[in-house]
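Each chain, letter by letter, is given below.
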Amino acid sequence: MTPAGGPDGDSVALEDASAGLLRALGDTADPDLALLQLVRIAAAAPGRLRAFLGASAVPSEQAESLPDPWGMGRSPRAAVSRLLGVLGASSALGDELVRRPELLDVLDDETPGTAVDPADVRAELLRAVDADPASRTPVAGTDPTPPSEAGRRPVHPAERPPSYTDRLRRAYRARLLRIAATDVTAPEPQVVLPAVAAALADLAGAALEGALAIARAEQPDHAAGVRLAVVGMGKTGGRELNYISDVDVIYVVEPEEGVHEGHALRAGARLATALARVCSGTSAEPALWQVDAALRPEGKQGPLVRTLASHVAYYERWASTWEFQALLKSRHVAGDPDLGRAYREAVEPFVWQAVTRENFVEDARAMRKRVEDNVPSAEADRQIKLGTGGLRDVEFTVQLLQLVHGRTDPAIRSRTTLNALAALAGGGYVGREHAARMAEYYRFLRSLEHRIQLFRLRRTHLMPTTEADLRRLARGLGLPDANALDKRWRAVRREVRTLHEAVFYRPLLPATAQLSEDELSLAPEAAVARFAAAGYRDPAGAMRHVTALTEGVTRRAAIQRQLLPVLLGWFAQGADPDAGLLAFRRLSDELGSTPWYLRLLRDSEAAAARLAQVLASSRYLAEALARSPESVQWLAETASLEPRGAARLGAEADAMLTRATDAAAATVSLRALRRRELARTGVGEVLGLLDPVRATRAISDAADVLLAGALRVAEHLAREPAGIARGQEPARLLVVAMGRLGGQEMGYGSDADVMFVYEAVPGATERAASDYALAVAMNLRRLLSDVGPEPALPVDADLRPEGRSGPLVRSFASYVEYYERWSSPWEAQALLRARPLAGTLRPGSVTAPVPDAGPVAPGGAVAEGFGPGVAGGLSLAERFTELVDPLRYPSGGLDPATVREVRRIKARVESERLPRGVEPARHLKLGRGGVSDVEWTVQLLQLQHGADVPALRTPGTIAALSAAREAGLVDAADAAALRDAWVLASRLRSAIVLWSGRTTGAGVDVLPHDRMALSGIARLLGDVGTGAELEELYLRTARRARAVVERVFYGAE
Amino acid sequence: MDRQQEFVLRTVEERDIRFIRLWFTDVLGVLKSVAVAPAELESAFSEGIGFDGSAIEGLTRVYEADMIAKPDPTTFQVLPWRGDRHGTGRMFCDILTPDGEPSLADSRNVLKRALAKASDKGFTFYTHPEVEFYLFNQLTSPDEKLVPVDRGGYFDHLARGSTHDFRRAAITMLESMGISVEFSHHEAGPGQNEIDLRYADALTTADNLMTFRTVVKEVALEQGVFASFMPKPLPQEPGSGMHTHMSLFEDDRNAFHEPGAQFELSKTARQFIAGLLVHAGEITAITNQYVNSYKRLWGGQEAPSYVSWGHNNRSALVRVPMYKPGKGNSSRVEYRALDSAANPYLAFAVILAAGLKGIEAGYELPESTEDSVWELTDAERRALGITPLPHNLDEAIGLMEKSELVAETLGEHVFQYFLRNKRQEWDAYSAQVTPYELERFLQFL
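Residue numbers (the numbering used here), protein chains in the order written: chain A, 113 to 1165; chain B, 6 to 450.
By construction, these hints were calculated from the structure, which means they are not laboratory data. It should be emphasised that the depicted structure is a prediction, and the values quoted were computed from it without experimental measurement. From the three backbone atoms N, C-alpha and C, an ideal C-beta is built for every residue, glycine too. Hints are not guaranteed to be accurate.
[What the hints assert, rightly or not] Below, computed lysine to any residue pairings styled on SDA-like, alpha-carbon distance capped at 20 Å: (1) LYS122/B to PRO1032/A; (2) LYS117/B to SER1108/A; (3) LYS122/B to GLU428/A; (4) LYS122/B to GLU932/A; (5) LYS117/B to PRO398/A; (6) LYS126/B to LEU407/A; (7) LYS122/B to ALA406/A.
[Unchecked claim] Per the computed footprint, the stretches of chain B lying under chain A, defined by three or more beta-carbons under 8 Å from a beta-carbon of chain A, are: (8) 222–229; (9) 412–421.
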């Protein structure tokens, strides 16, 4: 192949050297580009290029020794490889070579660009601006070195001497070219990466020093008397910089002896501003990069420069945890070295004490969230740096571990990610295998980032999209093609995503539970520190649970060994990690050998995550799940967490009753059904799948179904001793739901408020009817309230006429008579929420499989399902509704005396019913701006306007409030204030039950004082901030609602 | 252990300090102190000192008695009046809940929050208070008539004046505690003095004011007299106000200054003043917190009873002092309602919040008033849109209660506690039968 066909058909004999050149071109990342640029250089500086390539005719020793299997000639000398490698990897540097062919000299130089003494680099850039490298405060243009010795200065055309800024930028890029040449010709890009990143950081430091020298030269007195240190942060500080990224810095300024501090600060600020301009302002040569000082105290709002003492004062008083995390990377890079070191010494203790800050756990969680959330969604798919699985993710994990364990172990305090990782592995904080993998992924991602940036010297962290770009990238990193690159990149991202949990939590498992020999178990003190940093309050207890869960040879233990590190991370995100772990252990003991349970945990990550969240947020649900472990299966399927709806539950209860042969067993089943629905609702709420208003409805539906079902059992029990045959009952009975049950707004701990109405069937005596109705009502109450294996639903009939002193059941006629004669305002008010719930005298029974229509669908038309109508075809329910409507929606509204009476009763209730010692503002039900304030206000509007505004005639508070707003009875702002307070108080009441696991007792209606409870409830609610913020939010919301109540309800000005 | 803490520990050792007083302030601005021995200091820094907060006004709720005082090492000072040997040091504390969160009831924390809000907008808040107080001869029994230590007047130089010595001693002591004094002179009332503290950021100023009151009382005792910061101790004489100059800085630039503008006031300054005027009524319960405060506000003698502003107008609520050419950084506004008995933490917080609100919402500043507002008739004032400040504590509470601004600044807990406490004060006061009433009505009716 040596003689190749020329364009005219004649063969052209290539010289050996040319053939070698061709072969070398083929080895570059982008041969087409390299060749094109070579041609451009040839056109721009033919002589120089010829000399450069010609030198290659003299084979270097290295080239000589290489084999030549294809007979394509000897390999070109290393300098030519460097040139072609750069041209094929970076169009920007190629353009630079076209523009300034003299840079070929740089490539001719054998000295590598990496592993150079930083002092040499600094000197090189300072000499470029005629500053004296030996000076403590070099100033551009004052270098005493005679020109003859300045041999290393880059040559520049003589006609127009470039500014110092441009000379600095040229020198910078010459050095950058040298580093790039070393990088692209390295056999293993990922091996040379740390050295390249360090060289880039040193170069940035030298450039800052050069820029500072220029800045000094611009000051009238060269800023004498001002000590300025430039502290590198981020990747600059970590000595692991990219080709192009913002250079993060902090400036520290001190006056020299005898100089006024104010003067020093002003001059220092001018220097810093000028320095940034030299690096990134417009000039003839392109800018280097942005100098970003946003990590300084107070961020962009803060003064650009501060004294050391001022920095320290800030960190003592104001700084937040993430700022200390950032300080981990701080390193003197330019300016006064003593001051820079003093700064590091002063701030370092803050870094290593950060883990002892009160809010470290919260803050670390927030920092992690920042890592995860910071990605614009359009780019999420192409991000190399941000997002889970990105570089930032690796860095966060390493830094978090450094903060947690670096307090006691100085050996792991390196600023450089890879060194820190190695030290963490060496110190026994990260498993060796995990550390090695993490380092590998980090190097891969960084190499990707480097090569992408190198191409155009642009600051970017996005994967390119064009085929050509991807191909070049793949070849540059030694991968065959774009496809292979894409595959590898996605695999790395996926691995990194899971590695945080594995690295952080896996070593918390005892040695016996590790998956392989290489795995690591933390020493006890380190384990305690790590559990504590994750938010576990009882690390020793957590260790015990982990050991218990993972020991043994069962399949369960094997699966849990796999799963537990991830679960530990998820528990740590919940309100109470300790409780979550304990509950998981209990659940696991209960269910551990059930195949579906293990399958679910192993195969459904979503279900396991939800399980962890539920267990660590809610004691109520932890218990509920332990009671009916099969409900764990809901977690795998979002659809099964939807409320079942009254109709479906009713049908289920009906089928259950139709099958049943024993009253007691039937009751237990009904109560179990409600318990199951409460758990379902709770899980839906905790996972944020169910809004609070729908949750109250779902809880009410479950109560409706239980009551309707229990009524049938109660009838059965009443018939039996009296010897009454099915269908021969002397009375029909109606259960009227009142209160929150009537309004379908129940909470987890609400009682069922009801009234009983009966009516003798034609032919039955009043006495028999009354006895029968009373027996049914008492049975019902007993069935639901008795202590039993399943939770009770206390039935409260105190809202009936005459309250507790009145008869438990009344005939319809008696209601008619009573309401005609006696009704008081509070009764009319209570009737606003009356809702016929279930009636008797339908076919079917609990002991015989007779088809049954089932209980009425709650909220559905009351006309149906309440048994045969009498008197004009109206059912008992309809007639009862007709009876009470004029009372609760009086035509013409309320007279002033009644309004006054309602207000007076409310005022008395406020002072009397509030439990002793409870702060009124914190009682969620009866307190200022609480649930009852809002409900009374809405109810007063209903009483006043229900007759005119049909939409107001609803038992639901929120529905009535919306109707009142639409009818213009309250303005939108007031309605919103009332609604917000009602919803928040209702959510809090539910959350307190869910969090504490208690449905009754003094605490359930009071916003807790206990910080731990508050923050647990806040985390359970999810969208209300921290515990303290929740407290503030509730008090504020309630105060605003109360102001509306004062005006709208009490009529105060 | 950070360097400031080490510095404190070293100083304690080197100067043989036997007690360290940990200072904090209750909701009413009364200084509270708990002493610890040097041996406990290290744990005080790391964990704080637990104490039962239920006995402290407004500091805690019934259920949450356990509180933690955490000393701020940057505030460490040796108390000069405790002598050189076996000295006593002091530090201000932040109050934390048992799990280490800043207590919502800590007024120092209220100010810190307000300052953090300003800092989010790029502002630092500086204040410079002029504190007035009276010196009286020691009373031997409560029925005795109050006798001021001298009969001097404004700027009077009194030969052998005991107040001279007093001011010198007080200032020496303040300076020895690192509190710079700008100015001091005899005030208009007999025995009345004024000492001006130098400009500093508001948190430092508030800490300094707490120290200042203590120092003044200590020095007075040493000299056999007593000092009172009561807003209006003598009916016929001027009250003791605490006119406070304030400015906002962006970096090291005074944000109130704009060369060439009217009174050299920037737009920011004008909006800040507008905020003060709009919210003046709501914040008065905080800036003038006692029933007695209103005797000063409505007792004439240049007290700022009406909501107005002016340039060099000594009757205005907000005064823009004479501008000194070329001193851009000295541009400032003076709020004149504050009295010496206010809780400086809360007062600075609400004043700052009112001003910032003006900037945030872009309030328009009304015309300045150059007349003495006192001399206008009611109708004239109405025509000029000049409203009065609350006439008494009851009115002030009523305005504050409706204020979202004050509620947000103080936080719900302090807000409610303060209202409750002040309502009690008003009720107790209203139940009094005063000597005035007895004298006026007893015989006559």
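Each hint, compared with the structure:
no. : hint                  : verdict
1   : LYS122/B to PRO1032/A : violated (30 Å)
2   : LYS117/B to SER1108/A : violated (34 Å)
3   : LYS122/B to GLU428/A  : holds (18 Å)
4   : LYS122/B to GLU932/A  : violated (62 Å)
5   : LYS117/B to PRO398/A  : violated (45 Å)
6   : LYS126/B to LEU407/A  : holds (17 Å)
7   : LYS122/B to ALA406/A  : holds (18 Å)
8   : 222–229               : violated (count 0)
9   : 412–421               : holds (count 6)
Against the hints set out earlier in the document, violations occur for numbers 1, 2, 4, 5, 8.
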